[in-house]
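Q: If you want the building blocks of each chain, they are given just below.
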Amino acid sequence: MSVVVDTAGVPPADRAEYWHEAVCRTFIPLDVALLESEPAPATITSHRLGSLQVSLVRAGPQRVERGAGLIARGGEDHLTLALQHRGTARLVQDGHQVELRPGTFAISDAGRPFAKELPEPFVFTAFHWPRSAVGVSEEDLRVLTGTAFDTGGGTAALVAAYLEGLSRSADSLEPCLAGRLATTALDLLAVLAHERRGRSVPEAPEAALATLARVKDHILRHLGDPDLSPERIAAVHHVSVRYLHKLFRFEGVTVARWIQRQRLDMCRRDLVGSTARRATVAAVAGRWGFVSASHFSRAFRAVYGMSPREWQAVTWAGPAPGPVRLLLAGPAPGRNPSSSGFGVAV
Amino acid sequence: MTAASVPDDGKAAFWSGAMSRTLVPVEVVPLSGRPFDGLLVSHRLGYVGISTLEADAARVSRTAALIAGAPRSEPRVGVGVQVAGRAVLEQDGRRVEVPEGGLVLYDTARPYSVDYPERFRTHLFHLPRRLLGVPERDLRLAAGAAVGPAEGCGSVLLPFLGTLAVSAHCYSAPVGDRLAGSVADLLSTLVAQLAVGRVADGRGGPNEHLVRRVREYVDRHLGDPELSPERIADAHHISVRYLHRLFEGEGVTVSRFIQRRRLEACARELGRRGRTAPTVSAVAQRWGFVNPTHFSRTFRAAYGVSPREWRALRTDEAG
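For the record, the sequence lines run as chains A and B.
Counting in the numbering used here, the first sequence runs without a single skipped number right up to 346 at its last residue.
Counting in the numbering used here, the second sequence runs without a single skipped number right up to 1319 at its last residue.
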């Protein structure tokens, strides 16, 4: 499904009002001031991919602001990543000023005031999602805002490459495929947050790295064994439990946490099922070493921001993709549709 | 790793060894007949192995013998991202041409071969099959399928995998583990997508069984010069038209398929070392080629070298 906003059909004098309304409906309540006396035509093309909304925005110079009053009017649980393609932008949030040029991206949190100035005609892709869709702590989320990500290399480049691919194909993806690909996008943002937080971990010596690699391999081979425990793992590798814990400190996680994350990842892949039948939540949890189904569901939600059943619904390839929420229902009430700037293509 | 300093006659063995150590045991045979050169760079990202291979025209094969030689090795799923040059992959009797910028999926638990007919650059991703969480049936449907850079999940996966391959060296271990998880998620999505596609095309249904029987029949009758679509159709109580339709989904015509299997049988036999090497024409005849010049021409078209050169290359290298 795609929603298209185009102000080309609107008289220039009315464009500011139309545009303001379109931006608020597509994203969150915002104040918008166009900086041209005669605003050029502007467009937004929006697609919904699972919990992610992807919008290509093309418009003239403007300033948008989200003050405390607007936050109270809704949308506060959302985050927006803007990947700049053309023109520059300046984003200010929490006292941090971020300069964006083409090829960079920044994330804003709709739960706190921010202002964004776009002094030139611009094109960017906005990725908009509810914070509950990513199982990332509030502290981790904080490291993602108020900073410009250079896409020249490293994890930020990887995130940008992925998001660009996703936005290019957004109009042609089937709902179940879109849901899975959008989830991976959010996972990558979680990795970026994890990396940015840069919990300082000591550098592991060579010998430790080799043991760690063997231990991980062993764990991955025995994920389904509910008796897999630090004690058992230590015994198999002829090391003390203490040393095992020390090894994982080089990774910045505990052994138990690492095992659980791998198990959850396997369950999430398994829950999607196959072209044939899909397995029940309890069966999948059991297959990957979770003894208690309720414990599994809790852990799943904590990491992925949704329940196992919600995940199955997102990725279900069946004929009914579920209710589609129309973001832009059409022209504003009381206006003549033929003169409206909103074209809605579904 | 580069083979620049290795003498020409040892290069194929050097390359087979290098690729076998970093990815999975394979045989590498140069196809150009000219001095072969290449570059192999490998990294590990969590449980994902990533290798970038740039080399002259070559055939990379994972043979039944290599698979049987290491029965306890972990079955892996491989994805090749074709950066430059073409690639033609064959697995389970399916043959698929990978477009430049596209990707192809294969399963290391069953034989496959990839022909790179010209100088090429490719990123290869390998990860344990069981970590994909996809049923065996779906994996069988998806193996030997290619995805172009502009279709389905290709437009999302390809830029990501390409960027990941060239930056694989710069991630910390914890980030690498998480990224490996994302690669597994994406490949799991890809397999599901390809499997659904094949089922929708009717290639995973009852036809698949018939196609397999036809393939087996062809393999049993390769030496018979009378083997033809008509004979095959008769033997399976179907019309020639229906037989052609069956093979449409396989990306190859029936006659082409027969010819390819015959060429492969000849290539295998010519490459075998022994005290009494059969003549080229004897080999050609044994596998149903009636006309030796026609055989030499088609062999060269498929393998880039004449049958005699092929034999010389293979027997030299192995020794």
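Heads up, a few of these hints could be off.
Label-pair ranges, simulated between beta-carbon atoms [unchecked claim]:
no., chain 1, residue 1, chain 2, residue 2, range
1, A, R86, B, E1216, 52 to 60 Å
2, B, H1236, A, A282, 40 to 48 Å
3, B, R1213, A, A293, 38 to 46 Å
4, A, R261, B, A1064, 34 to 42 Å
5, A, R261, B, R1308, 39 to 47 Å
6, A, V236, B, G1017, 26 to 34 Å
7, B, L1210, A, H85, 49 to 57 Å
8, B, R1273, A, E174, 47 to 55 Å
With a Cα cut of at most 25 Å, we get these calculated SDA-like pairs of lysine to any residue [said to hold, decoys possible]:
no., chain 1, residue 1, chain 2, residue 2
9, A, K246, B, P1174
10, A, K246, A, A213
11, A, K246, A, L228
12, A, K246, B, A1064
13, A, K246, B, G1176
14, A, K246, B, C1170
15, A, K246, B, A1173
Don't read these hints as lab results, they were simulated from the structure.
Even glycine gets a Cβ: it sits at the ideal position worked out from N, Cα and C.
Q: Hint by hint, note whether the structure agrees.
A: We went through each hint and held it up to the structure:
Distance hint check: the CB atoms of R86 (chain A) and E1216 (chain B) are about 58 Å apart, consistent with the given range 52 to 60 Å. At roughly 45 Å, the beta-carbon separation of H1236 (chain B) and A282 (chain A) lies within the given 40 to 48 Å, and the hint holds. The hinted range of 38 to 46 Å is satisfied by R1213 (chain B) and A293 (chain A), whose Cβ atoms lie roughly 44 Å apart. For R261 (chain A) paired with A1064 (chain B), a C-beta distance near 38 Å keeps the hint of 34 to 42 Å intact.
The hint said 39 to 47 Å for the Cβ distance between R261 (chain A) and R1308 (chain B), and at roughly 57 Å that hint is violated. Separated by about 31 Å at the C-beta atoms, V236 (chain A) and G1017 (chain B) satisfy the suggested range of 26 to 34 Å. Taking the beta carbon of each, L1210 (chain B) and H85 (chain A) are about 51 Å apart, inside 49 to 57 Å as hinted. Between R1273 (chain B) and E174 (chain A) the beta carbon distance is about 52 Å. The supplied range of 47 to 55 Å therefore holds.
Among the hinted pairs, K246 (chain A) with P1174 (chain B) is consistent with the structure: their alpha-carbon atoms are about 15 Å apart, no more than 25 Å. Distance check on the hinted pair: K246 (chain A) and A213 (chain A) sit about 14 Å apart at the alpha-carbon level, within 25 Å; holds. Distance restraint check for K246 (chain A) and L228 (chain A): the Cα-Cα separation of roughly 18 Å lies within the 25 Å cut-off, and the hinted pair is therefore satisfied. About 43 Å separates the Cα atoms of K246 (chain A) and A1064 (chain B), which puts this hinted pair outside 25 Å; it is violated.
Of the pairs offered as hints, the one joining K246 (chain A) and G1176 (chain B) holds, with about 19 Å between alpha carbons and a cut-off of 25 Å not exceeded. Simply put, K246 (chain A) and C1170 (chain B) have alpha-carbon atoms about 24 Å apart, close enough for the 25 Å limit, and the pair holds. For the given pair, K246 (chain A) sits about 15 Å from A1173 (chain B) by alpha-carbon distance, which is consistent with the 25 Å threshold.
Of the numbered hints given earlier, the model fails hints 5 and 12; all others are met.
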